[in-house]
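Listed below, chain by chain, are the residues.
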Amino acid sequence: MNDMTPRTIFTPAPPRIIAERPAKVVAEGVNVHYGEKRAIHDLSISIPDKAVSAFIGPSGCGKSTFLRCINRMNDTIAGCRVTGRITVDGHDIHDRNLDVVQLRARVGMVFQKPNPFPKSIFENVAYGPRIHGLAKDKTDLERIVVESLKKAGLFEEVKDRMLQPGTGLSGGQQQRLCIARAIAVNPEIILMDEPCSALDPIATARIEELIHELKQNYCIVIVTHSMQQAARVSDLTAFFHLGNLIEVGDTDVMFTSPQDKKTQDYITGRFG
Amino acid sequence: MTRLLFAVSALAIAASPAFARDQIRIVGSSTVYPFTTAVAEAFGKATGMKTPVVESTGTGGGFKLFCEGVGENFPDFSNASRAIKKSEFETCAKNGVTDIVEIKVGFDGLTVASAASAPDVNFTKQQIFMALAKQVPDKDGKLVDNPYKMWNEIDPSLPAQKIEVLGPPPTSGTRDSFVELVMEKGAEAFDSLKAMKKEDAKAFEGVWKSIRTDGAYVEAGENDNLIVQKLEANPNAYGIFGFSFLEENEGKIKGAKIEGVAPSFETVSDASYKVARPLFIYAKKQHVGTVPGMAEFVAEYTSGKAMGDEGYLADKGLIPLPADQAGAAADVAKNMTTLTADKVM
Amino acid sequence: MSNNALVKKRYAAERRFKAYGLAAIGVTTAFLLFLILDIAIKAMPTFFVHEATLTVNVDPALIDAANPVAGDYLGLTKKALAAQFPDVTSRGDRKALNGILSAGAADGLQQRVLADPSLIGKDVTVPVALNSGADLYLKGYATAQLSDRQKAWLDALLEKGVISKGFAWNFLLNGDSREPELAGIKGALIGSVLTIIVTLALALPLGVAAALYLEEFAPKNWLTDVIEININNLAAVPSIIFGLLGLAVFLNIFGVPRSTPLVGGLVLALLVLPTIIIASRAALKSVPPSIKEAALGVGASHQQAVFHHVLPLAIPGILTGTILGVARALGETAPLLMIGMIAFIVDVPKGFTDAATVLPVQVFLWSDLPEQAFQSRTAATIILLLLVLFAFNALAIYLRKRFERRW
Amino acid sequence: MPDHIMKAYDDDLAALQSMLSTMGGLAEEQLARSVEALTRRDTKLADIVIHADDRIDQMERAVEEKAILTIAKRQPMAKDLRNIMVAIRIATDLERIGDLAKNVAKRSHAISDPIPRRLTSGLQRMGQLAQAQLKRVLDSFAAADSEQAMEVWRHDEDIDALYNSIFRELLTYMMEDPRMIGACTHLLFATKNIERIGDHATNIAENIYYLVHGQPIRDERPKKDDTATTPFSPLNND
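Residue numbers (my numbering), protein chains in the order written: chain V, 1 to 272; chain F, 1 to 345; chain E, 1 to 407; chain Z, 1 to 238.
This list has only true hints and no planted wrong ones.
Here are a few chain E residues that face chain V, going by a calculated C-beta distance under 7 Å:
#1 K220
#2 S290
#3 V298
#4 G299
#5 A300
#6 S301
#7 Q304
In the BS3-like style, the derived pairs of lysine-lysine whose C-alpha atoms are separated by at most 30 Å in a straight line are:
#8 E/K186 / F/K45
#9 E/K401 / V/K119
#10 F/K343 / F/K305
Taking CB as the label site, the calculated pair distances span:
#11 F/T171 / E/N230: 29 to 37 Å
#12 F/E250 / E/V88: 18 to 26 Å
#13 Z/Q17 / E/N3: 41 to 49 Å
#14 F/Q135 / E/P205: 56 to 64 Å
#15 V/Q216 / Z/I5: 35 to 43 Å
#16 E/D155 / F/D191: 57 to 65 Å
Since the hints were made in silico from the structure, they are not lab data.
Since we're looking at a predicted model, the values are computed, not measured.
Where a beta carbon is used, it is the ideal one built from N, C-alpha and C, also for glycine.
So that you can see chain V by itself, here it is in the shape it has in the complex:
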């Protein structure tokens, strides 16, 4: 395929999940440049609400870059330029009137390596609500923290050591703490950048179960290197290659009968 003519193939039929759920995030003609290098070519995609969308593709394909466009995390990288239109609930996220800090409160993010603040478990979760002024008082803040930890499935494990450092938890617990921290600011979208790549299979399974539960209430976008994980947790799968979005489809279809040969080769383990 000629790289200069990016195109997106849909699996035989347009994805069912997009028909079923309203689109939460819509990208149209997005290009990302790092200095001279173009990292994403003319990308368009709709991401459904209350569902899990997975971005897969070989390293350096632009999936993380695009993920970080959704909460404008790329703004912090010097020399990174994003063009095109990305909307959340129909509002352009690059709108001058939209505050990036507010955007990031609405679009939470969980990173590859669990990165709790070197503070207590309580402080980790309380930080977001505190800076956004979400809690009326101390009891309210405690309620938010406990609820977030419960939603993240961590409360039972840490309820007796809320004041101990978050960095003392196991890797999987740390990652769930990070998810609780993201949930605490009441976001609508949760972006996860390879959230399980540093975790063992049991911890991974816990996170996947959590993702499965969270999709009832959130629009979740996950970047993963594990195709099995994408297959297990997602409803919609998008395959990226060399900065192009190659194929988007219902996960059920993508992993049994992808249309594009590149997708086929990638998910069957023939390149990557």
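With the hints as your guide, set chains F, E and Z onto chain V.
Chains F, E and Z only, in chain V's frame:
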């Protein structure tokens, strides 16, 4: 932290414009420093006033600061191991420092010393010149690079030792005095050089001021204590330093006779030992009245218990003035007689 | 077989390398030990001092109760000493006898009487300081300051039990003096403390602010590159240059008073600023970017992310760098030369604008004085300075260990 | 399609493929022999066929094991996954074909009476037809050729039609000569078995289509076997 920073900067601002000084400030020669500090301390104890602050800046540096102006930010006294130069006096005048009082306080002897275990020697200035000058006249009076390696090559009466002299570097005031008092006189002892002095004073100066650099003269740093230590370790070497160090380390080292006279309190004081220079303090008369204690300080300095033959400055190694000069100095101090341009060379 | 030989050779090379390393460490340690031992031995005489305990009659004829300050306390003390040797009568001998006393021999008596004027007219038993020559003689050092007769008197006093040996509190509690037995380092110590306070108060906030801006907020362009290079170069500029700068700017332009901890601190702040900036930047850089991203990810602004998370995590590193920088400043003499802190100052400074000197300068000043006893004071001061520097470095190490975090 | 990054994965898939082609060859042979045994009522040959069926059963189990192991080890996706699933299904089909052939062969023991040659010739023709279908579908599997597989799929109606005519013929025969009912019933079952073999061949063809295209065939297969739905009236026979 921020508050502290604020406090400090506020202090700096508050302090700078109207800083009323109630403490005498003295700058100048490092040779005079040990004596002036002793006086300062005694003055502080006797009067209950703040003890003057004495900075050791060197004679030249002292005059530079001293002559910068009149006011609280400028020193009240300057120590000097030589008389004020005309150029310095003029700078002073230009900056409004017009009323300067010059007080001669004593002498400093320069000694050529060796370890106590070394043989006694008697140098002439000419011999020292021959040992240390970069270029010396040969038999025909022509200047050649210094050929002497051993003392007895210069004169058979001197010991058969390698010439090795430890002394101060060119930046030192002691070195300046040494070349003026010994090397210049030593050079003049040669007829050819004497003639040269008349014809070409500049070239002559070049000859006596240049000390050999082939290793016979070792620049041992400004610290005279260091030279004393090295002499103890090496009985073949000679060292050049102030008389007070000789006196303080009596028993370890001894001074060589120069022109037949050994350095001692008496010989320097009565001017029979020729390698000695006068020491001065200069007072800024315009500060008298503004800075408290100036008159008292000068009085303390010129008093018998400080500057006299048995005074504490003598204990510190200052060689007292002969009685007539001491009297004159006390008069100048009492009357605060200012220096006039015609007295400055 | 050849393989075996190769293995043997490899192990031999390893052993050799280890031996070289050990030898290098051994030589270094030996030099250091020699240096410290040498200084310590030279410093020994300073820490103990001999004093004569004399009973002085506070003669109201010499001490005017109305104005006790002006009294001739030294005369009284001399009389008390003479009472120990009734056979010494001639004027010259009396003078020689008095020669074993310190110029400050009567200081203790004066203080006692001033504190309690009712003592006037009574007998007071006080310790009396001997001069440094006498002290050295009693410690067993050769000294040229004393005549044989003086030595004999001292021996006699020692036999009578009048002379006792004690810790030299003078050295820690006095300001500078021209009399070695009276000279102490309190003035220099306080001067050092005051100077360092000014340095810290100025250099730490400025350095951290500069580092924060350069590391976190400054745009990356040629201007910031130039600034960065210059800061790095500044760290290598000879310290005397900062003294010249301080002279030109603080003294001549701003008219900050000379010889004061304020101006010394300002100059030293300039000196350590580059060090602090560089150390702080390194500390900030070593905070994993994931922490900042995490904060940004929950919607913290850039500034919040930096001040809430990055800076607190960098503080141990910043403190370590700062302490090392300050330790360097503490040992500096050269820049202070230019701004008049190399001076004879008797009074212990009471504030930032009092004339003061600092420990290394005190070493510099004393090392140049002719009196023998000052040599040992110099060594003792060096020991003290080394101790302070050790303490600073230990604090830096402690802070680093204490706050070291793993992520 | 390029090779997998992991070579052993390719080897696993190739092993499956070769096991299936061996199994296919065996099934073909069983079919041919069983028809021959029945037509010639060669009980010896029939015994050989019956005996050889164990081989096919064993191979089916082997294919299944290999497939499960490959799934467990490689977590196949997309075409690889379909490939393995299809392999299992084809193995099942082939095993059924083997069973049916065995059943046909068994009947040579049951028919003791001589039967007219014209009756066995129909059976023979049907056997040939089914054999051809099986061969083609196995070839198309080896080549992953969905077009050829579709050919097989469409031609199943030929077998169905032949079966219909043999069915009627045998019924007529039995009505004419009730003594022949026993033998004819056996023949009737045998032809039905061969017709079922044809159906399995079409199953395989459908699986090949799924393997290649990733989705099942959407059309209805043309059906010509109407013996189950057409009311039979020998009187109507013309």
